[in-house]
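Colleague: Based on the hints, put chain D in the right spot on chain L.
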Amino acid sequence: MMKLRRDVFQAIADPTRRTIISLVALQAMTPGAIAGEFDFSRQTISKHIQILTECEILKQEQTGREIYYHLNPEKLKTIADFIEPYRKMWDERFDKLEAIMKDQPKST
Amino acid sequence: MEQKTKVLAEEGKQEIRISRMFELPLESLFKAYVDPEIVEQWMGTKVIKLECKTHGSYHFETTDPKGNKHGFNGTIHEFEPNRKITRTFKMENTTFPVQLEFLEFQDINANNSKLEMLIIFKSISHRDNLLKLPFGFGLNMAHNKLEELLSK
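Note that the protein sequences, when read in sequence, are chains L and D. Take 196 as the starting number for the first sequence in my numbering and just add one per residue. Take 750 as the starting number for the second sequence in my numbering and just add one per residue.
Take these hints with a grain of salt, some might be off.
[As the list claims (entries may be wrong)] Label pairs and their calculated CB-CB ranges:
#: 1; chain 1: L; residue 1: Glu287; chain 2: D; residue 2: Asn817; range: 14 to 24 Å
#: 2; chain 1: D; residue 1: Asn831; chain 2: L; residue 2: Gly227; range: 49 to 59 Å
#: 3; chain 1: L; residue 1: Gln238; chain 2: D; residue 2: Ser874; range: 36 to 46 Å
#: 4; chain 1: D; residue 1: Lys798; chain 2: L; residue 2: Ala294; range: 23 to 33 Å
[Said to hold, decoys possible] Only pairs whose alpha carbons sit at most 27 Å apart, straight line, appear in this in silico DSSO-like list of lysine-lysine:
#: 5; chain 1: D; residue 1: Lys802; chain 2: D; residue 2: Lys863
#: 6; chain 1: D; residue 1: Lys839; chain 2: D; residue 2: Lys795
#: 7; chain 1: D; residue 1: Lys755; chain 2: L; residue 2: Lys297
#: 8; chain 1: L; residue 1: Lys254; chain 2: L; residue 2: Lys283
#: 9; chain 1: D; residue 1: Lys863; chain 2: L; residue 2: Lys291
#: 10; chain 1: L; residue 1: Lys270; chain 2: D; residue 2: Lys762
#: 11; chain 1: D; residue 1: Lys871; chain 2: D; residue 2: Lys833
#: 12; chain 1: D; residue 1: Lys802; chain 2: D; residue 2: Lys833
#: 13; chain 1: D; residue 1: Lys818; chain 2: D; residue 2: Lys795
#: 14; chain 1: D; residue 1: Lys802; chain 2: D; residue 2: Lys839
#: 15; chain 1: D; residue 1: Lys871; chain 2: L; residue 2: Lys270
#: 16; chain 1: L; residue 1: Lys297; chain 2: D; residue 2: Lys863
#: 17; chain 1: L; residue 1: Lys283; chain 2: D; residue 2: Lys755
#: 18; chain 1: L; residue 1: Lys297; chain 2: D; residue 2: Lys780
#: 19; chain 1: L; residue 1: Lys291; chain 2: D; residue 2: Lys833
#: 20; chain 1: L; residue 1: Lys291; chain 2: D; residue 2: Lys795
#: 21; chain 1: L; residue 1: Lys297; chain 2: L; residue 2: Lys283
#: 22; chain 1: L; residue 1: Lys283; chain 2: D; residue 2: Lys762
#: 23; chain 1: D; residue 1: Lys802; chain 2: D; residue 2: Lys871
#: 24; chain 1: D; residue 1: Lys818; chain 2: L; residue 2: Lys291
#: 25; chain 1: D; residue 1: Lys755; chain 2: L; residue 2: Lys291
#: 26; chain 1: D; residue 1: Lys780; chain 2: L; residue 2: Lys291
#: 27; chain 1: L; residue 1: Lys291; chain 2: D; residue 2: Lys839
#: 28; chain 1: D; residue 1: Lys755; chain 2: L; residue 2: Lys270
#: 29; chain 1: D; residue 1: Lys815; chain 2: D; residue 2: Lys839
#: 30; chain 1: D; residue 1: Lys833; chain 2: D; residue 2: Lys753
#: 31; chain 1: L; residue 1: Lys297; chain 2: D; residue 2: Lys833
#: 32; chain 1: D; residue 1: Lys802; chain 2: L; residue 2: Lys291
#: 33; chain 1: D; residue 1: Lys871; chain 2: D; residue 2: Lys762
[As the list claims (entries may be wrong)] From chain L, some residues computed to sit far from chain D (all C-beta separations above 10 Å):
#: 34; residue: Gln245
#: 35; residue: Glu249
#: 36; residue: Gln255
Derived from the structure by calculation, the hints contain no laboratory data. Note that CB positions come from ideal geometry on N, CA and C, so glycine has one too.
So here's chain L without its partners, still in its complex pose (with noise of 0.2 Å):
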């Protein structure tokens, strides 16, 4: 079968990816308790963290009877990858904004 070629760009474009990210950033965790930080079904989860396996942004590692992953940090070093999800951020930001003031009433 052939597989999906996942890149990191993918990985960090989606919102989701980027909070499970920063998550294992700070502790390595297991599946379950990763999902447990979403309102997501778990099944929803495992398909965030399978993307993010497969271009290598986390790394499995058996403790145990328990799989926990981990940040593979050598694959957030190229810049060019983190000036998308910066930006948007501030588009969401901004659009945010507009709308805002789209709806405040006319200034006297």
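Modeller: Chain D in isolation, oriented as in the chain L frame:
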């Protein structure tokens, strides 16, 4: 489709340029930076202090999903209504050095305006570290840990 928000972070420079076209009159765009209640809404932060004047200052505080509070603050060096704000930006309790921000507001026509932001960092690597924060900015999570990790 052309992107509304543009970010330019050239290799080997210690600056980031951000520009954005708004479907808002200039006064409306500027007000979003000055009115504390509006700032709270779009920045997703609590405004503790916002003193919009030359030699004024600001202090914001965000709460992350785990309930930890992260403060950021700065001083306002220049304040010209509907034209520009020059200010510093510092994340509290982190070793990220202060940033200098130049905000320029431009009138395009009665219904459109433009914001240009120039952010200057202490060094190229400080800029790169900020961009590497996985969630894009780092206001909502523990900065210290990430910073440690990224400075390795």
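Colleague: Compare the structure with each hint and give your call.
Modeller: Hints, one by one, checked against the model:
1. Glu287(L) - Asn817(D): 14 to 24 Å: 22 Å, holds
2. Asn831(D) - Gly227(L): 49 to 59 Å: 52 Å, holds
3. Gln238(L) - Ser874(D): 36 to 46 Å: 40 Å, holds
4. Lys798(D) - Ala294(L): 23 to 33 Å: 26 Å, holds
5. Lys802(D) - Lys863(D): It holds: about 21 Å lies between the C-alpha atoms, which stays within 27 Å.
6. Lys839(D) - Lys795(D): 16 Å, holds
7. Lys755(D) - Lys297(L): Holds. Lysine 755(D) to lysine 297(L) sits at ~21 Å (cutoff 27 Å).
8. Lys254(L) - Lys283(L): This hinted pair holds, its Cα atoms lying about 26 Å apart.
9. Lys863(D) - Lys291(L): Cα-Cα ~15 Å, so holds.
10. Lys270(L) - Lys762(D): Holds - the C-alpha atoms of lysine 762(D) and lysine 270(L) are around 22 Å apart, at most 27 Å.
11. Lys871(D) - Lys833(D): 22 Å, holds
12. Lys802(D) - Lys833(D): 11 Å, holds
13. Lys818(D) - Lys795(D): Holds - the C-alpha atoms of lysine 795(D) and lysine 818(D) are around 10 Å apart, at most 27 Å.
14. Lys802(D) - Lys839(D): Satisfied, since the Cα-Cα distance of roughly 18 Å is no more than 27 Å.
15. Lys871(D) - Lys270(L): The given pair, whose Cα atoms are some 25 Å apart, holds under the 27 Å limit.
16. Lys297(L) - Lys863(D): 15 Å, holds
17. Lys283(L) - Lys755(D): Holds, at roughly 9 Å.
18. Lys297(L) - Lys780(D): 12 Å, holds
19. Lys291(L) - Lys833(D): Given pair lysine 291(L), lysine 833(D) holds - Cα atoms ~21 Å apart, limit 27 Å.
20. Lys291(L) - Lys795(D): With Cα atoms ~16 Å apart, lysine 291(L) and lysine 795(D) stay inside 27 Å; holds.
21. Lys297(L) - Lys283(L): The hint holds at about 21 Å.
22. Lys283(L) - Lys762(D): Cα-Cα ~21 Å, so holds.
23. Lys802(D) - Lys871(D): Holds, at roughly 25 Å.
24. Lys818(D) - Lys291(L): Holds, because 22 Å separates the two Cα atoms, which is no more than 27 Å.
25. Lys755(D) - Lys291(L): Holds, at about 16 Å.
26. Lys780(D) - Lys291(L): Judged against 27 Å, a Cα distance of about 14 Å means the pair holds.
27. Lys291(L) - Lys839(D): 23 Å, holds
28. Lys755(D) - Lys270(L): 24 Å, holds
29. Lys815(D) - Lys839(D): 22 Å, holds
30. Lys833(D) - Lys753(D): 20 Å, holds
31. Lys297(L) - Lys833(D): Cα-Cα ~21 Å, so holds.
32. Lys802(D) - Lys291(L): 25 Å, holds
33. Lys871(D) - Lys762(D): 11 Å, holds
34. Gln245: 18 Å, holds
35. Glu249: Correct as stated: the minimum Cβ-Cβ distance to chain D is 17 Å, above 10 Å.
36. Gln255: Its Cβ never comes within 10 Å of chain D, the nearest being 18 Å, so this holds.
Comparing the model with each numbered hint stated earlier shows that all of them hold.
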